[in-house]
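Position chain B against the provided structure of chain A, taking the given hints into account.
Below, each chain spelled out in residue letters.
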Amino acid sequence: MENKFVNIKIDGIDHHVTEGKTILEACLETGIKIPSLCYLKDVSHNASCAICVVDVKGAKSLVRSCVTTINEGMEITTHSPAINQARKTNLELILANHPKECLICERNGNCELQELSANLGISETSFPKTKPSEKPDDTSLALVRNPDKCILCGRCIAVCADVQTVYAIDFAGRGLRSKVATYQNRGLGNVACTNCGQCALVCPTAAIVEKDDTEAVFADIYNNDKIVVVQTAPAIRVGIGEAMGMSEGALVTGKMVSSLRKLGFDKVFDTQFTADLTIMEEGFELISRIKNGGTLPMVTSCSPGWIKFIEHFFPKSLKHLSTCKSPQQMFGAVAKTYYAQKLNIDPRKLVVVSIMPCTAKKFECKRPEMNSAFHFWKDKLNLTDKENFYDVDYVLTTRELAKMFKKTGIDFSSLPEEEFDHPLGISTGAGVIFGATGGVMEAAVRTAYEVITGKPLPKIDLNVVRGFEGIKEAELDLDGTKIKVAVAHSLKNARTLLEQIEEGKSPYAFIEVMTCPGGCLGGGGQAIPTTWAIRQKRADSIYKEDSMHAIRKSHENPAIKTIYSEFLKEPLGHHSHELLHTSYIERGIF
Amino acid sequence: MNTHEENYVGKSAIDEIISKHKVLTTMEEIQEASEYKYLDMQSMDYLSSQTKVPLSQIYSVATFYSFFNLKPQGKHTIIVCRGTACHTKGSKVLLDDLSTMPGCKEALEAGETSFTTEDRLITVKTVACFGQCALAPVVAVDGVIYSNVTSEQIKKILQNLQEDNKDENIRLC
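Listed in order, the protein sequences are those of chains A and B.
FYI, in the working numbering the residues of the first sequence are -8 to 581.
FYI, in the working numbering the residues of the second sequence are -18 to 154.
This is chain A alone, in the form it adopts within the complex (with noise of 0.2 Å):
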């Protein structure tokens, strides 16, 4: 469709501008960035803050440009002492409740709030507190809310609703009384919040941030009794560089292998390893369930956000979710396993600690029963009850770990590039795609495809599931057998697969569903900010990855044959039942 365009006057200079802009948009295409707060492209646009607003040639009064779309021959004037003052005065009023503590926040140096300040020139606030001081609600495992911190602006609202589907927090109260709450006040911890993290993703300010493991980390890593493995998520390579300050999607594996190393790490392993091992249960799960008439279509269990999303509303469902751990919990089984085991070490001793752009990691890493390896060695080792011990012991976010990089001085981007330990650092270029939205679902094809036709792969990329549209859905032909599979990313879209399955029209043998935005790569844990265009460019720097790697196929991975051949023997064997898969609960909707 040919766009239409309209002729405008931004401060006094004629534009011809696309038709159906904001102000907002438009100012920003001829070179102004109009100062905001609320307005989050792609999220909300809720017209709270008032810090956008413009002057409109016959306007009553000044107009907010967020939410203000562009006429034929409007005169927008964007900077005046009237208009300079109005910001300034909608911004001094937003800061009259909030708590001006900005050296000691967690996201100082990283906040709107604080640089819209800075830019809009405040330099003192004028009007009292107002609103009664609250108490954060810690009741998550995995996310802190600050109230206290929080400006009303609602854009993890409209993310947590709008892109999740979930609702977990909304608007209450009225007036002075007015804050984002669970239902009932219950805390996040306790209603239907799935621990995706879009909201700490989204929040301007530290209203919403996630739970700080890095003290505890520092701890077990300065404990000279404790020997302390690290896991890296394949979306922080591309994440981690941004959050110490280089460009947006930088490709950082090895750098990140050696300033984990001088952080004090025993070993620097890859959840890429894992990842490759999830594709050899997972493949032969599927190919199980196709050849045994198992239930269809089976979904991919890596995303914890989406397991609890399932869990709390659409229990009926949770047969069609893979048994499969995600690679983190299975990096963590077999760290404290095989490794232990094959090192001598007490497993006890062991600490695994995950990199991951997530924080509903944190939460996962806790679930009752994520302790497989208590359970290996409980009778080894004749250990009680009270030893019990999980297989990941702490989650860490990209920004943790960027905090601990800055802590400790590590010169992040000047660093030589290293390579990850073995034998658990060894993965494929089909690990390094479960970053990205349908990376997932393009490993396992690479392996089931020659499995079960026990033919080499005619083309290696599968572009079909690539990129970021909602759900992408695509045609296999598996040697004559044809299976339709899709890919889903957000919360929303998974929601709209699971209701064509509970509806019984579900054409799918296979679906990939990430919780987040673009997969793992624009996870809640990941740095900030993170926008589509930033997306795109770590989805880039994932697929160059993959593209250099020698080895793009799990089954191909070195490790992989060894640590079956010396350990787990066989998919869906023994050990693997005991160490690699779990079940779900129903929690339904609270």
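Just so you know, these hints were derived from the structure itself, not from any lab.
All clues stand as given, with none of them false.
Think about it this way: if two alpha-carbon atoms lie no more than 35 Å apart in a straight line, the pair counts; the simulated DSBU-like pairs of lysine-lysine are: (1) B:K3 - A:K307; (2) A:K122 - B:K106; (3) B:K(-8) - A:K475; (4) B:K33 - A:K483; (5) A:K120 - B:K106.
Chain A is faced by these chain B residues, among others (derived, beta-carbon under 10 Å): (6) S29; (7) S30; (8) V34; (9) P35; (10) Y40; (11) A43; (12) S47; (13) T94.
This structure is a prediction, so every number in the text was calculated from the model and none was measured.
Glycine is no exception: its CB is placed at the ideal position from the N, C-alpha and C atoms.
The following block gives chain B in isolation, referenced to the frame of chain A:
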């Protein structure tokens, strides 16, 4: 002649609109049906499951309107108008008179929107304005508006309610 018939909104579309908007009325009637005139958790859970309106949104509506009560209410309710006109005509004094009930002052000062006596006989609430400014100060007792209320009158009203002589109050109207 163009009948526009093809442009009628489909029934399923209307059903969906109804299902989205009937919540407010439903909540009103649930509260009315409740013995202690409030929205209990079980009712809200059930309402959410039947209407598919998320719990957080039902809670948002329930806390937005001062009409909705989230705690059990007393048998009698006294609502003191704290709007500007009533304030200048002394409504603070009326509220102070009611605040002599044990615990009332503390509850209202702590930011509670209402106070109910332990025996669930009397609830005290405030509103921003009844729109009856010419009759200030006004107080609503069990839904009946009392105008030009004096300190003596409010004390008498309270006493009558406490003695369960509600009908006596009508003469003070």
